[in-house]
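Undergrad: Given next are the chains, with one letter for each unit.
There are 2 protein chains.
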Amino acid sequence: MMVHSSDEDFMRMAIQVARAGVLEGQTPFGACVVHEGKVLSCLHNSVLKDTDITAHAEVLAIREACRARGSIDLSGCVIFSSCEPCPMCFSACHWARIDKIFYGARIEDAEGFGFHELPISNRLMKELGGSQVALVGDLLREESLAVFREWYARPDKKTY
Amino acid sequence: MMVHSSDEDFMRMAIQVARAGVLEGQTPFGACVVHEGKVLSCLHNSVLKDTDITAHAEVLAIREACRARGSIDLSGCVIFSSCEPCPMCFSACHWARIDKIFYGARIEDAEGFGFHELPISNRLMKELGGSQVALVGDLLREESLAVFREWYARPDKKTY
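Chain order of the listed sequences is A and B. Residue numbers for the first sequence follow numbering that gives the first Met the number 0, so the first one is 0 and each next one is one higher. Residue numbers for the second sequence follow numbering that gives the first Met the number 0, so the first one is 0 and each next one is one higher.
Next up, chain A with everything else stripped away, as it sits in the complex (with noise of 0.2 Å):
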């Protein structure tokens, strides 16, 4: 599978705004949408700060790619998650057409972290829903794992 240095820049954007997330005292996700390698939007979880259990990163990340290009089919962008996008989350890439999730940690990982998860891989659902998405898990998964460590650390951290 081809990984280019962009891939990772990108998804380094994502981790690192998990991280600014993590400052605020949200939980530990971010997403970036791409389209011909400019940024539409770039934003972590806000589901603590804006108490809205919907307020996932990645359907804000679309959500606003959406106001982008004026355009609820995202048909030619990809988007970057710092980890694998739940259930909701990759169903949403699937409504607006994305092309490729690129992925860092894993659904298993938040879920060892405490959150409450329904453990359905993306390669599964994109299996039986016969999504044409296509996936590149695993990528820069430590530096998004170091993310989740320094918001389990936190005295303050929530999960839901």
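Wrong hints could be hidden among the right ones.
Which copy is meant is left open, because identical chains are indistinguishable; a pair holds if it fits in one copy or across any two.
Calculated cross-link-like contacts (lysine-lysine; reagent style BS3-like; alpha-carbon spacing at most 27 Å) [stated by the list, open to error]:
1) Lys125 - Lys99
2) Lys156 - Lys37
3) Lys157 - Lys125
4) Lys156 - Lys48
5) Lys48 - Lys157
6) Lys157 - Lys99
7) Lys125 - Lys37
The hints are simulated quantities; they were obtained by calculation from the structure and are not laboratory data. The structure presented is a predicted model; accordingly, all values stated were derived computationally and were not measured.
Given chain A, work out where chain B should sit, using these hints.
TA: Just chain B now, with coordinates in the frame of chain A:
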């Protein structure tokens, strides 16, 4: 399975708000979140109006219910959706810890009307994910399908 007449009343509210959405040029989906007989939110899909592919009725209703309760935990709440939640919306219900999902039409019905669904049923999502959410399907399915037909008859209809 026990269905109370009040369950039908709440489902009719979801179907009616879906119909209101169709009259405004939106797609035929509505959802209400209810807590101990009190409606916290009742909204139709606004993907087209908002240029937001994530603006499904259930996501919007869950978001508004979180605001109404001042909490990301909707334990004790039930959701009435005019159509079986897609995997994005099912997963949002799981994250919100909603007790029970009532739905009218089925994912396969929406798919039959041209929506780009991931054809993964709520029952399969629940089983694979080990979710505790209870499911009651086919509640006023025919009344919900009537709104799909009203939408389908419109010359300006759009799917996604």
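Undergrad: Now tell me, hint by hint, if it's right for this structure.
TA: Each hint, compared with the structure:
For the homomeric pair Lys125 and Lys99, the shortest alpha-carbon distances inside one copy (12 Å) and between copies (26 Å) are both at most 27 Å. Taking identical chains as interchangeable, the C-alpha atoms of Lys156 and Lys37 are never at most 27 Å apart, the minima being 33 Å within one chain and 32 Å between chains. Proximity of Lys157 and Lys125 under a CA criterion of 27 Å is satisfied inter-copy only: 25 Å between copies versus 30 Å inside one chain copy. In this assembly of identical chains, Lys156 and Lys48 lie within 27 Å of each other by CA distance solely inside one copy; the values are 13 Å within and 37 Å between copies.
Only within a single protomer do Lys48 and Lys157 lie at most 27 Å apart by alpha-carbon distance; the minimum there is 12 Å, versus 34 Å between protomers. Taking the shortest alpha-carbon separations for Lys157 and Lys99, only the inter-copy value of 25 Å comes in at or below 27 Å, while the best intra-copy value is 30 Å. Taking the shortest Cα distances, Lys125 and Lys37 sit within 27 Å of each other inside one copy (26 Å), while across copies they are farther apart (37 Å).
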